[in-house]
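Chemist: Quick note, the sequences are listed as chains W and G, same order. Using numbering that gives the first Met the number 0, read the first sequence as starting at 0 and increasing by one per residue. Using numbering that gives the first Met the number 0, read the second sequence as starting at 0 and increasing by one per residue.
Read the hints as simulated data drawn from the structure, not as lab findings. Treat the hints with care, since some could be wrong.
Claimed, not checked - Result set (BS3-like, lysine-lysine): computed pairs, CA atoms no more than 27 Å apart in a straight line:
1. W/Lys-43 - G/Lys-56
2. G/Lys-163 - G/Lys-18
3. G/Lys-70 - W/Lys-133
4. G/Lys-92 - G/Lys-163
5. G/Lys-817 - G/Lys-293
6. W/Lys-296 - G/Lys-821
7. G/Lys-56 - W/Lys-296
8. G/Lys-734 - W/Lys-43
9. G/Lys-56 - W/Lys-133
10. G/Lys-822 - W/Lys-296
11. G/Lys-92 - W/Lys-133
12. G/Lys-626 - G/Lys-572
13. G/Lys-734 - W/Lys-133
14. W/Lys-48 - G/Lys-56
15. G/Lys-293 - G/Lys-163
What the hints assert, rightly or not - Chain W is faced by these chain G residues, among others (derived, beta-carbon under 10 Å):
16. Ser-42
17. His-43
18. Leu-117
19. Arg-146
20. Arg-275
21. Ala-378
22. Ile-690
23. Ser-751
24. Glu-827
Being a predicted model, the structure only gives us computed values, none of them experimental. From the three backbone atoms N, C-alpha and C, an ideal C-beta is built for every residue, glycine too.
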Amino acid sequence: MSLPAFRLLRPRKVEQAVELLARHAANIQVLAGGTDLIPSLRQKLFEPKYVLDIRGLGELRGIRQSAEDGVEIGALTTLTEIERSLFLREHYSVLPEAAVTVASPILRNMGTLGGNICLDTRCLWYNQSLSWRKGCGFCIKKDGDLCHVAPGGEECWAAFSGDTPAALLCLDAEIEIAASSGLRRMPLHDFYTGIGDAYRKLERNELVTRVFLPRSAAGYRGTYQKLRVRGSIDYPLAGIAVALRRSNGHVEDLRVAITAVNPAPLLVGGVREALVGKALTDQSAMYVGDLAARIAKPLTTSALTPEYRREMIRVLTKRALMAAAQ
Amino acid sequence: MSDFSIIGKSTAMVDAASKTTGAGQYTDDLSVPGMLIGKILHSHYPHAHIARIDPSKAQALDGVVAVVTGKDAPNTYGILPIGHDETALAVDKVRYVGDNVACVAAISEAIAEQALELIEVEYEPLPAYFDPEDSMKAETDFIHQARPHNIEKEYHHVFGDPDKGFGQADYVAEARYLANEVTHAAMEPHSTLASFELDPHTGNLGRLTVWSSTQVPYYLQHKLALVLDMPMSQIRVIKPLVGGGFGGKSEVIPLEIIAAVAARATRAPVKITYTREEVFWAHRGRPRTIIDLKTGVKNDGRITAVRARVVQDGGAYCSYGPVTILYSGALLGAIYDIPNVAYDGYRVLTNKPACGAMRGHGTVNVRFAFESQLDEICAALKLDPLEIRQKNLLKPPCITVNGLRVQSYGLPECLKKVAERSGWRGRRGPAREKMQANGAWKRGLGMACSHYVSGAANSIIRSDMPHSTVNIKVDRDGGVVVYTGASEIGQGSDTMTAQVAAEVLGCSLSRVKVIAADTDLTPIDIGSYSSRVTFMAGNATLRAATEIKKLIAAAAARKMNCAVEDVVFSDDKVFKKGTTPSAKGVSAAEILETKDAPRGAASVSGRVEGQILRGSLQQKRKDEGPKDSLSFEEAIVSAIDFHGALTGTGSYAPPQEARGGKFSGSGVGPSPAYSYAAQVADVSVDEDTGIVVVHKVWAAHDCGRALNPVAVEGQVIGSVWMGLGQALEEEMVWKDGMLMNPGLLEYRSPSSVESPEVECIIVESIDPEGPFGAKECSEGSLAATIPAIANAIYDAAGVRLRESPFTPERVLAALRAKKQAKKLNLTEGVDPTNPQRLREHGGALWFRGRGPRRHALDHSRAGQPAAGGDD
Numbered sequence: 000m001s002l003p004a005f006r007l008l009r010p011r012k013v014e015q016a017v018e019l020l021a022r023h024a025a026n027i028q029v030l031a032g033g034t035d036l037i038p039s040l041r042q043k044l045f046e047p048k049y050v051l052d053i054r055g056l057g058e059l060r061g062i063r064q065s066a067e068d069g070v071e072i073g074a075l076t077t078l079t080e081i082e083r084s085l086f087l088r089e090h091y092s093v094l095p096e097a098a099v100t101v102a103s104p105i106l107r108n109m110g111t112l113g114g115n116i117c118l119d120t121r122c123l124w125y126n127q128s129l130s131w132r133k134g135c136g137f138c139i140k141k142d143g144d145l146c147h148v149a150p151g152g153e154e155c156w157a158a159f160s161g162d163t164p165a166a167l168l169c170l171d172a173e174i175e176i177a178a179s180s181g182l183r184r185m186p187l188h189d190f191y192t193g194i195g196d197a198y199r200k201l202e203r204n205e206l207v208t209r210v211f212l213p214r215s216a217a218g219y220r221g222t223y224q225k226l227r228v229r230g231s232i233d234y235p236l237a238g239i240a241v242a243l244r245r246s247n248g249h250v251e252d253l254r255v256a257i258t259a260v261n262p263a264p265l266l267v268g269g270v271r272e273a274l275v276g277k278a279l280t281d282q283s284a285m286y287v288g289d290l291a292a293r294i295a296k297p298l299t300t301s302a303l304t305p306e307y308r309r310e311m312i313r314v315l316t317k318r319a320l321m322a323a324a325q
Numbered sequence: 000m001s002d003f004s005i006i007g008k009s010t011a012m013v014d015a016a017s018k019t020t021g022a023g024q025y026t027d028d029l030s031v032p033g034m035l036i037g038k039i040l041h042s043h044y045p046h047a048h049i050a051r052i053d054p055s056k057a058q059a060l061d062g063v064v065a066v067v068t069g070k071d072a073p074n075t076y077g078i079l080p081i082g083h084d085e086t087a088l089a090v091d092k093v094r095y096v097g098d099n100v101a102c103v104a105a106i107s108e109a110i111a112e113q114a115l116e117l118i119e120v121e122y123e124p125l126p127a128y129f130d131p132e133d134s135m136k137a138e139t140d141f142i143h144q145a146r147p148h149n150i151e152k153e154y155h156h157v158f159g160d161p162d163k164g165f166g167q168a169d170y171v172a173e174a175r176y177l178a179n180e181v182t183h184a185a186m187e188p189h190s191t192l193a194s195f196e197l198d199p200h201t202g203n204l205g206r207l208t209v210w211s212s213t214q215v216p217y218y219l220q221h222k223l224a225l226v227l228d229m230p231m232s233q234i235r236v237i238k239p240l241v242g243g244g245f246g247g248k249s250e251v252i253p254l255e256i257i258a259a260v261a262a263r264a265t266r267a268p269v270k271i272t273y274t275r276e277e278v279f280w281a282h283r284g285r286p287r288t289i290i291d292l293k294t295g296v297k298n299d300g301r302i303t304a305v306r307a308r309v310v311q312d313g314g315a316y317c318s319y320g321p322v323t324i325l326y327s328g329a330l331l332g333a334i335y336d337i338p339n340v341a342y343d344g345y346r347v348l349t350n351k352p353a354c355g356a357m358r359g360h361g362t363v364n365v366r367f368a369f370e371s372q373l374d375e376i377c378a379a380l381k382l383d384p385l386e387i388r389q390k391n392l393l394k395p396p397c398i399t400v401n402g403l404r405v406q407s408y409g410l411p412e413c414l415k416k417v418a419e420r421s422g423w424r425g426r427r428g429p430a431r432e433k434m435q436a437n438g439a440w441k442r443g444l445g446m447a448c449s450h451y452v453s454g455a456a457n458s459i460i461r462s463d464m465p466h467s468t469v470n471i472k473v474d475r476d477g478g479v480v481v482y483t484g485a486s487e488i489g490q491g492s493d494t495m496t497a498q499v500a501a502e503v504l505g506c507s508l509s510r511v512k513v514i515a516a517d518t519d520l521t522p523i524d525i526g527s528y529s530s531r532v533t534f535m536a537g538n539a540t541l542r543a544a545t546e547i548k549k550l551i552a553a554a555a556a557r558k559m560n561c562a563v564e565d566v567v568f569s570d571d572k573v574f575k576k577g578t579t580p581s582a583k584g585v586s587a588a589e590i591l592e593t594k595d596a597p598r599g600a601a602s603v604s605g606r607v608e609g610q611i612l613r614g615s616l617q618q619k620r621k622d623e624g625p626k627d628s629l630s631f632e633e634a635i636v637s638a639i640d641f642h643g644a645l646t647g648t649g650s651y652a653p654p655q656e657a658r659g660g661k662f663s664g665s666g667v668g669p670s671p672a673y674s675y676a677a678q679v680a681d682v683s684v685d686e687d688t689g690i691v692v693v694h695k696v697w698a699a700h701d702c703g704r705a706l707n708p709v710a711v712e713g714q715v716i717g718s719v720w721m722g723l724g725q726a727l728e729e730e731m732v733w734k735d736g737m738l739m740n741p742g743l744l745e746y747r748s749p750s751s752v753e754s755p756e757v758e759c760i761i762v763e764s765i766d767p768e769g770p771f772g773a774k775e776c777s778e779g780s781l782a783a784t785i786p787a788i789a790n791a792i793y794d795a796a797g798v799r800l801r802e803s804p805f806t807p808e809r810v811l812a813a814l815r816a817k818k819q820a821k822k823l824n825l826t827e828g829v830d831p832t833n834p835q836r837l838r839e840h841g842g843a844l845w846f847r848g849r850g851p852r853r854h855a856l857d858h859s860r861a862g863q864p865a866a867g868g869d870d
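Could you put together the complete structure from these sequences and hints?
Modeler: Written out as structure tokens, the structure is:
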């Protein structure tokens, strides 16, 4: 499968990049690590006239600590850098825990944090070649008007399949978005819509540039549990991130987020109410697992049956909590 | 043990450097002037008549040279003479999603792809069949008119008296096992480059040269001749480096024919390389199989009778189908002593890509069922799985009830060794409690055996021709050139050939050059399949080299004034028996070691050779009297002086006694020798998630003599790993004829992370007919891995998985059922411990939406509104 013909644009500055984005907004795709975009281009999921290669934007690389503000991570920071950062491992451990599970070492060398946040939603009926999709009947997400996984659906249920956003949600992350009109910041949990084919609130002329982790989120025990068939390479079939702070054997604060079972990564509600001030037991961990499973809506968008994946959200949430409490 | 200087020693593959540095050329690396790129239009329909094809818009696109369709080459072909049911491109109907409809040859891939979108095809959908048991009930719209009820082939074999055998049994086990479909997933996608020469007198198309990623260049030459109506002598097939085959390149694959048809139409070279998705459509892998198996035993575990009914979901074309279904029955024999066997095999056509040969051809799924059932019998009768196997061993030499001749038989030693090494007795049963229990993780050991042929004793095209022929030429430069038709596909064929020649001639490996798999240069060899190369091409090489050796010995005996029988070949020297070779004749290897050390001994450069030759001639003048030893060069020079030329030919045909019985279907299963394997798997099962982790596999393999131990280990480890894939992860997922996972992301071959440690134990039962006693080592080990893991899961967690692969959801469903936990629909209604039907995956809601246009009578549309819009 050949790549579609496009013009490659290679800005050196963020201002240039957003200007090019604005100019070609209708016909452009952003390439950061390229690990997801390139296969999608070959499958003709995108046929842009322009590809904006932002790898030259050096200012968007790297992890910077700031005294008041916690930490700032450039969107082009590779997942390998995240996984290896001693600072993140010490203070924001859930993030490197999640990063290390992404794909394979080679892909993590290319893949970026910004790319993982912006990752296109995935579905077995969508991530296929043009010929396959044509044969099957095009779906809502691309070129069609029906959904193969939801009966009579008007809505797209493609699953958000990034690992790190679940961890970032647990860390109250904010992201910076650049446009030719200027910069804006928003909490990551507002970034996702929960609709498979319009999964993020990012205009075509905008670029995710930085991620901020507040100081208040530092020092939590973090774990990430990922369901997959292979020990490497696979996208998550379910993912659970937990950030936990304890004092005197009791839960002082807690966040749980799930990914890969809905069109958006989601924070699990009600967990603080259930656990803060209490000791973490098998039973209370199981209760949180039930809370998480209740908001998980896995469908036949990927391998393994939906019922199994929902059950695993329950089981792995409990495990993640118990591991964080160790 | 080492009476040998080359064989029996671990040797790097002779082509290793070119592969590891990237210098080696695979078919897709090739390019010739004026070459066009071909792209194939595939059917979107599982079963439909082609009412009209209009390629005119595509033809008009700038950069497109030609569009070819079925009518450009309507002759039928197929790998089996009884199964010529394929055409280069669909002539009147398509039979699976992915079937070949047209091919565009253009100046670039992008233009060819663009042109595909412009070809107009009008289809009239027909009812399609996806489940083999439904397909067998079809009354109309057969996939091939000549195959009523869509049954490609059925066989009903009875050996001994099964009814009597079951009557004598104290215990009878009976169950249905399902094995889902797996594919080869070779690293290199198929690729073919076809180029015609122009006849210098007429300007018409003349000879055809085809470079292709194939395991069977001579079959390809044959089928090209059929389809193109050309004499075979006008067709040259060259096999460049091949990046793995595993059976997926062991027959003629559509692109190989299509590239030649397109080259003929365009009068230009055409290259086609499949995308990974096209590789999945071309497939020819292991079919989904339903196995109804019944085994009768005495209380002590002695088997009295076996009855098997096997249904294979063969896909839309014959391919190797009848061979697969015959192997499934025939190889119930030749491993254990089973006095009474009844076998009913059905190879069924369905509207899916054709299945064919895949590593362990025909045996793997039935072996999974058989070895699992043995374990179930052990559980019921409280027997040790090791002992039941020991109790049912053959007593070779013997001929089994179904006519298979067994001579060398290393299975007893394989069993003994894996049991010892794995600590079998100490770590099972009550002793298991002592094993580390870790929360939800349960640990256990499982055992299984398997075997395979060392080449089929009867070739696909029945004849008395040799299966392998090898020519050797030795010249004054001291080089030994071996010409063999055998196909190196990564398994070590070229290295084995070089080793055998060097061993016979007593020369170093660096002297031997192997020219292989080029139908113009090399004598015929029927190909790399059914694990036949070491046994057959090895024997042919042995015979050719022995012929050369005789010629050299005759001349050397004259020189050394001794009897021919007293001439010894060793260490690049030829000397009189009983003498120590003199230091005067310096071997090429030694010169290379001293003068050419930085480059190693891998190549003989012209400069060094010149010195050898001069040196030897000077020495000849100096030293006229009879001597006790000659250098290899001196011996060759004297032999050429004496005989005029030094060439040898050897060939191999399996002996008549090894070719099996006389009943219909008796041709498949017989082999001159069988390899044997026994394995123990050590696994953990996570009771909360159903995830299975394989910690270690002890794999004993009887390969006769191990010619190249490191290569044997590589093949055994590869087999275990491939078996692990089928056991735990790999599965082609179908939904109404659509393959849901036509890529290596969603078709999950194991990654290095979950690959277990494999302790390979080589068992050498020296075979009386193998070259130096060697047998096969590449396929026999695979089939044991799947049941070894199934049995280990049972040992660990007490659940019996009868449907492979044992994915987490299946294992968890079985575990929850056992614990009588709250029922969850984890496996879409199929009980993996008692599966009845093959399941269609990937969303039960397919046709709730509008979906693609399909025939109203499609099984998949039952209960759905009749017509589908195509909008």
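Chemist: Hint by hint, note whether the structure agrees.
Modeler: A quick look at each hint next to the structure:
1. W/Lys-43 - G/Lys-56: holds (21 Å)
2. G/Lys-163 - G/Lys-18: It is violated: about 57 Å lies between the C-alpha atoms, which goes past 27 Å.
3. G/Lys-70 - W/Lys-133: With a Cα-Cα distance of about 25 Å, the restraint between G/Lys-70 and W/Lys-133 holds, given a limit of 27 Å.
4. G/Lys-92 - G/Lys-163: violated (49 Å)
5. G/Lys-817 - G/Lys-293: Cα-Cα ~24 Å, so holds.
6. W/Lys-296 - G/Lys-821: holds (20 Å)
7. G/Lys-56 - W/Lys-296: This hinted pair is violated, its Cα atoms lying about 46 Å apart.
8. G/Lys-734 - W/Lys-43: Given pair G/Lys-734, W/Lys-43 holds - Cα atoms ~22 Å apart, limit 27 Å.
9. G/Lys-56 - W/Lys-133: holds (19 Å)
10. G/Lys-822 - W/Lys-296: Measuring from Cα to Cα gives roughly 19 Å; hence the hint holds.
11. G/Lys-92 - W/Lys-133: holds (19 Å)
12. G/Lys-626 - G/Lys-572: holds (13 Å)
13. G/Lys-734 - W/Lys-133: holds (15 Å)
14. W/Lys-48 - G/Lys-56: Holds, at roughly 24 Å.
15. G/Lys-293 - G/Lys-163: holds (14 Å)
16. Ser-42: holds (8 Å)
17. His-43: holds (3 Å)
18. Leu-117: Violated, because the Cβ-Cβ distance from G/Leu-117 to chain W comes to roughly 13 Å (cut-off 10 Å).
19. Arg-146: violated (25 Å)
20. Arg-275: holds (9 Å)
21. Ala-378: violated (27 Å)
22. Ile-690: At 9 Å from the nearest chain W Cβ, G/Ile-690 passes the 10 Å test, so the hint holds.
23. Ser-751: holds (7 Å)
24. Glu-827: holds (6 Å)
The structure shown violates the earlier hints numbered 2, 4, 7, 18, 19, 21.
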